[in-house]
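Peer 1: The primary structure of each chain is shown beneath.
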Amino acid sequence: MRSPEDIRKFWLMAALGGAVTAVGLAAAHFMELHGHVVTGMNNQVVWGLPHVFAIFMIVAASGVLNVASIGSVFGQPVYKPRAPLSGLLCIALLLGGLMVLMLDLGRPDRVIVAATHYNFRSVFAWNVFLYSGMTGIVIVYLWTMFERRLNHWSKPAGLAALVWRFVLTTGTGSIFGFLSARPAYGSALLAPLFIVLSFGWGLATFLIVQSTMYAWESRHLDAAVQRRMARLLGIFIAASLYLVAVVHLTNLYFARQGAFERFILLGQDGGGAQALLFWVGYVLLGAVIPLVLLFHPRLGAGPNGERWTLAAALLIVVGGFAWLYVFIIGGQVFPLEIFPGHVAHSSFGDGVVADYRPSLPELLLGIGGLGAAFLITVVGVRAFDFMPQDDFISAAEA
Amino acid sequence: MAAAAIGGAMLAPGIQLIEIARAAAPAGTTSAGANPQVRWGMLIDTTKCAAGCTDCVTACNAENGLDPQPSPTSAQWLRKIEIKEIKTGRAASVPVMCQHCAEPPCVDVCPTGASFKRADGIVLVDRHACIGCRYCVMACPYKARSFVHEELTAQQPDVPRGKGCVEGCTLCVHRLDKGEKTTACAEACTKAGHGAIVFGDLNDPTSEIARRVREIQTTQLRADLRLDPGVRYHGL
Numbered sequence: 000m001r002s003p004e005d006i007r008k009f010w011l012m013a014a015l016g017g018a019v020t021a022v023g024l025a026a027a028h029f030m031e032l033h034g035h036v037v038t039g040m041n042n043q044v045v046w047g048l049p050h051v052f053a054i055f056m057i058v059a060a061s062g063v064l065n066v067a068s069i070g071s072v073f074g075q076p077v078y079k080p081r082a083p084l085s086g087l088l089c090i091a092l093l094l095g096g097l098m099v100l101m102l103d104l105g106r107p108d109r110v111i112v113a114a115t116h117y118n119f120r121s122v123f124a125w126n127v128f129l130y131s132g133m134t135g136i137v138i139v140y141l142w143t144m145f146e147r148r149l150n151h152w153s154k155p156a157g158l159a160a161l162v163w164r165f166v167l168t169t170g171t172g173s174i175f176g177f178l179s180a181r182p183a184y185g186s187a188l189l190a191p192l193f194i195v196l197s198f199g200w201g202l203a204t205f206l207i208v209q210s211t212m213y214a215w216e217s218r219h220l221d222a223a224v225q226r227r228m229a230r231l232l233g234i235f236i237a238a239s240l241y242l243v244a245v246v247h248l249t250n251l252y253f254a255r256q257g258a259f260e261r262f263i264l265l266g267q268d269g270g271g272a273q274a275l276l277f278w279v280g281y282v283l284l285g286a287v288i289p290l291v292l293l294f295h296p297r298l299g300a301g302p303n304g305e306r307w308t309l310a311a312a313l314l315i316v317v318g319g320f321a322w323l324y325v326f327i328i329g330g331q332v333f334p335l336e337i338f339p340g341h342v343a344h345s346s347f348g349d350g351v352v353a354d355y356r357p358s359l360p361e362l363l364l365g366i367g368g369l370g371a372a373f374l375i376t377v378v379g380v381r382a383f384d385f386m387p388q389d390d391f392i393s394a395a396e397a
Numbered sequence: 000m001a002a003a004a005i006g007g008a009m010l011a012p013g014i015q016l017i018e019i020a021r022a023a024a025p026a027g028t029t030s031a032g033a034n035p036q037v038r039w040g041m042l043i044d045t046t047k048c049a050a051g052c053t054d055c056v057t058a059c060n061a062e063n064g065l066d067p068q069p070s071p072t073s074a075q076w077l078r079k080i081e082i083k084e085i086k087t088g089r090a091a092s093v094p095v096m097c098q099h100c101a102e103p104p105c106v107d108v109c110p111t112g113a114s115f116k117r118a119d120g121i122v123l124v125d126r127h128a129c130i131g132c133r134y135c136v137m138a139c140p141y142k143a144r145s146f147v148h149e150e151l152t153a154q155q156p157d158v159p160r161g162k163g164c165v166e167g168c169t170l171c172v173h174r175l176d177k178g179e180k181t182t183a184c185a186e187a188c189t190k191a192g193h194g195a196i197v198f199g200d201l202n203d204p205t206s207e208i209a210r211r212v213r214e215i216q217t218t219q220l221r222a223d224l225r226l227d228p229g230v231r232y233h234g235l
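Going down the list, the protein sequences come from chains A and B.
Note that numbering that gives the first Met the number 0 numbers the first sequence so that position 190 is 189, with each residue one more than the last.
Note that numbering that gives the first Met the number 0 numbers the second sequence so that position 202 is 201, with each residue one more than the last.
What the hints contain is simulated information worked out from the structure, not anything from laboratory work.
Just so it is clear, CB atoms sit at the ideal spot from N, CA and C, and this is done for glycine as well.
Among the hints, erroneous ones may be present.
With the Cβ distance kept under 8 Å, some of the chain A side facing chain B (calculated, not the full set) [claimed, not checked]: (1) VAL22; (2) HIS33; (3) ALA113; (4) ALA343.
Computed list of chain B residues with no C-beta within reach of chain A, every gap over 12 Å [claimed, not checked]: (5) ALA4; (6) THR46; (7) PRO71; (8) ILE80; (9) ALA138.
Cut-off 20 Å, straight-line C-alpha distance, at most; resulting in silico cross-link-like pairs (EDC-like, lysine to aspartate or glutamate) [to be verified]: (10) B:LYS190 - B:ASP203; (11) B:LYS86 - A:GLU31; (12) B:LYS162 - A:GLU31.
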């Protein structure tokens, strides 16, 4: 039986989520009505802040399902009770991210055209199926976990979800990987990089939501379980950092990539903001400090590790946004080199670092997507039993 | 009986509209569509391009209803890029537009197939199918595409454009399909006496452009990408 206090809290959370989502929708309406001229985007930077939010959410959605996969597919008992929450978060983040992506289109009224006309050479066309299919598969997966008679189907459903999300995240990374035009993209490494990034961002998001839910229910996460998840998160972050390092290191060996790498890594020729975001935002705040917080025996790996792990998870999310900003926007503001070895200038921004300042409607749309994900999570948790039940699992057995 | 009458009443207006549309097709156009034997292309002689001259750009803007005083959010289908080689100091002035590649990356990435290549080599955007995702703008190695950021006014009747869609140089397809022989930019450059732009059928060995590219050295921009653009440059 829920207490009046619980009911009040629920409605407050739902109202908050609803309000944030509504503001996001209003921002999208404003953008559609007047055109993208009301945003900071222009013909040099066509994908702005909404894409940073949307891609973070979609990648995190894929990664958050990892928790369920480790339980269902790899049979780790500690993760099994967490699988339903992981499925719910996957759906919530995916729908939130898709909402932002679709509302940022120049013609969001033409989503029906996107649903009926397909060019299958385009990763975007596959994504229409991959993203909607993901939602369907996770719903079926959740059903197999909640419906006792279908429990024995949860392993195959979990496997299907695992395979599907590998394809989905490969598709997300390949959106950029298949672009030969720009030095920031066009690399086969981007698909696996996005997969590893999804592991880290997804688990971090899961830990944040789990911590919040435990705090809300005045419960405590078992220390051994907490330590396991913290260690796993640390491994994912280290792996992400490794792949990012390999991408940049390889680029440094290609003379034609040199100017772009100096722009991003050293901040030369107008890249100051990008370099700052990369080194401080991603490497320091998003990777190195979280690694210390997660592995240090007196911090995340210690007896009171929960709040250090939560801090690390929050920093990892911040770092993820920073990395995506540098990746998506840094890759666009760097001048496209049509005439190598020449300086260029024109009326169309050739040869100069583009000017992009995120605008309020873009930020509100992005946050609106987070609000939608939050709302779906709050309603889902209220409607079904998503709280991880550890009572019968001994972490020592795991 | 009533059902047949209702059915007929519903179909009749549509059938009428088909007849009206067919009747409105300009004389001389073939209903078979673009000719696959043709490959439209352009030869730009940058040695004849003066720095600061924008006759081609002005003509393109007027022909297609584009903004004559562009801002960072305005569509620019054709622009002059002033370049200077860093090591030698040699300068050139280069008109750059959609290169109408034989292997267009913009066509590969378009989710709805709105970005497409016609049989005669012209790469276009179908404004009915474009959802404004801007993936083609990200994919283009020449920054040839523009996104329409705001409501448009004073449009040209033969050049459909719209807020929220992506667009680029069409090689004046509306003129070619009416039977005219050249693009607005090439015509303006020739009329002004510069003669820097030649337009024609690259597949026709007797055309002026085919003769010229056989005789003089020409290059394609970012040729290492192997996109085989239909636009060639001399003097770079």
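Peer 1: Taking the hints in turn, state whether each one holds.
Peer 2: Hints, verified against the model:
1. Because the smallest distance between the Cβ of VAL22 of chain A and any Cβ of chain B comes to about 22 Å, over 8 Å, the interface hint for this residue is violated.
2. A hinted interface residue such as HIS33 of chain A counts as satisfied when its beta carbon comes closer than 8 Å to some beta carbon of chain B; here the least separation is about 7 Å, so the hint holds.
3. Taking 8 Å as the C-beta cut-off, the interface hint given for ALA113 of chain A holds, the closest approach to chain B being about 5 Å.
4. Of the supplied interface hints, the one on ALA343 of chain A holds, with its beta-carbon coming within about 5 Å of a beta-carbon of chain B, less than 8 Å.
5. Listed as outside the interface, ALA4 of chain B is consistent with that label: its C-beta sits roughly 31 Å from the nearest C-beta of chain A, beyond the 12 Å cut-off.
6. THR46 of chain B, annotated as away from the interface, keeps every beta carbon of chain A farther than 12 Å; the closest lies near 16 Å.
7. With a least beta-carbon separation of about 4 Å from chain A, PRO71 of chain B fails to lie farther than 12 Å from that chain, contradicting its non-interface assignment.
8. For ILE80 of chain B, the condition that its CB be more than 12 Å from all CB atoms of chain A is violated, with the nearest at approximately 4 Å.
9. Not every C-beta of chain A lies more than 12 Å from that of ALA138 of chain B, the closest at about 5 Å, which undercuts listing it as non-interface.
10. About 24 Å separates the Cα atoms of LYS190 of chain B and ASP203 of chain B, which puts this hinted pair outside 20 Å; it is violated.
11. With a C-alpha separation of about 47 Å, the suggested pair LYS86 of chain B and GLU31 of chain A falls outside the 20 Å cut-off, and the hint is violated.
12. Pair hint LYS162 of chain B plus GLU31 of chain A holds up; C-alpha atoms about 9 Å apart against a cutoff of 20 Å.
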